[in-house]
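**Q** Chains as they are written, first to last, in our numbering: chain A, 1 to 206; chain B, 1 to 206.
Worth flagging that the hints you see were computed from the coordinates, not collected in a lab.
All values reported here derive from a predicted model rather than from experimental measurement.
One thing to keep in mind: the hints can contain errors.
[To be verified] With a cut-off of at most 30 Å between alpha-carbon atoms, the simulated DSS-like pairs for lysine-lysine come out as follows:
id : chain 1 : residue 1 : chain 2 : residue 2
1  : B       : K188      : A       : K3
2  : B       : K140      : A       : K188
3  : B       : K169      : B       : K188
4  : B       : K119      : B       : K3
5  : A       : K119      : B       : K91
6  : A       : K91       : B       : K3
7  : B       : K3        : A       : K188
Protein chains: 2
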Amino acid sequence: MRKVADSTVRRLSLYLRFLDDFEGQGVETVSSEALAQRGGTTSAQVRKDLSFFGSFGKRGLGYYVPELAQRLRQILGLGRRYRVVMIGAGKIGSALVQYRGFTQRGFDIVAIFDNDPAKIGTQWNGLTVLPIDRLEQELKAQQVDMAVLVTPGEAAQSVAERVVGQGVKAILNFAPVQLNVPDDVVVKTVNLALELETLSYALTNR
Amino acid sequence: MRKVADSTVRRLSLYLRFLDDFEGQGVETVSSEALAQRGGTTSAQVRKDLSFFGSFGKRGLGYYVPELAQRLRQILGLGRRYRVVMIGAGKIGSALVQYRGFTQRGFDIVAIFDNDPAKIGTQWNGLTVLPIDRLEQELKAQQVDMAVLVTPGEAAQSVAERVVGQGVKAILNFAPVQLNVPDDVVVKTVNLALELETLSYALTNR
């Protein structure tokens, strides 16, 4: 398969959200124009994005919603389960373990770690918070696909190195730092503070 | 001032986080190398980023932490207050009104809207949830700087057009869609589902 840009994958995800809505409403076909509007792009871009993965749709009829949705789920890797560890049992971590989007997309949190003695041993969604010292041992014992980092900024890089050292290839990072990882590890950072500061920058400097 | 790239502003925000930590620890000076490491970049990039905004630091001595932090806060527009409306009083909205990062960065939520009769009239952090029909009226009455959209995907574009129509120039969007807005409106989208799907894509297609 050709190398597909991150921006393409993000649009596929947006198209799928739209197709899910349509499927729920019983809509059977959708045009590339409608998908384009939802993805903030053009119908030519939609056709190009989908062409990476084969041939879809019929000229003049558009795309068959259940088929395209199913194919996008496959492409996006949503047909299997992923084992996830969460590192950091603070406020954001607490919101995240309850976030249904994880399990809906196949991400199962199998262990939670913290270094705070007050948190270690507490129960979170049926999981006991483990001491961070146990990280390597658990990563070795369980087939872990992804780590969610919810540590303070100053701890994030060293924790990232520890999980990468045990072969984890994907990190969802909520710590307010850029992580340096090898090229074969994929990192997505969600940083609300940073989004707010780019907004206050924009509001102040126009 | 020259047009500054979004990526530069994001790094300034990361540097500031780092400087805040250092200030808390009583550290007085910091090198461009240390800032670079935290920002996932090079010291040359740090110097370039800061050079947009004037002259900082002394050769061989590095940057004076309190001074640079204060200057970055000014640059990022963190010295003033912003009036914010939140549209959508669901689960994410509920987590967001409690998020201290908003007030810490000068963002004050002044009104919350929903279209669900079960939510309208309820109290959220001292604010009464208003019917969405009142949106234009409130935006006219209050000097609103930013809207936080926490609506379902299918409602987001039309709500965005309504707030933009009343002169709001900044949107923080949690709805799982790309918004089409005029060029003078800045939109930041936080979409956890999309981040997860780019991660599952990467895990499946390598």
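**Q** Evaluate each hint against the coordinates.
**A** Against the structure, the hints:
{"no.": "1", "hint": "B:K188 / A:K3", "result": "holds (27 Å)"}
{"no.": "2", "hint": "B:K140 / A:K188", "result": "violated (38 Å)"}
{"no.": "3", "hint": "B:K169 / B:K188", "result": "holds (12 Å)"}
{"no.": "4", "hint": "B:K119 / B:K3", "result": "violated (43 Å)"}
{"no.": "5", "hint": "A:K119 / B:K91", "result": "holds (24 Å)"}
{"no.": "6", "hint": "A:K91 / B:K3", "result": "violated (37 Å)"}
{"no.": "7", "hint": "B:K3 / A:K188", "result": "holds (27 Å)"}
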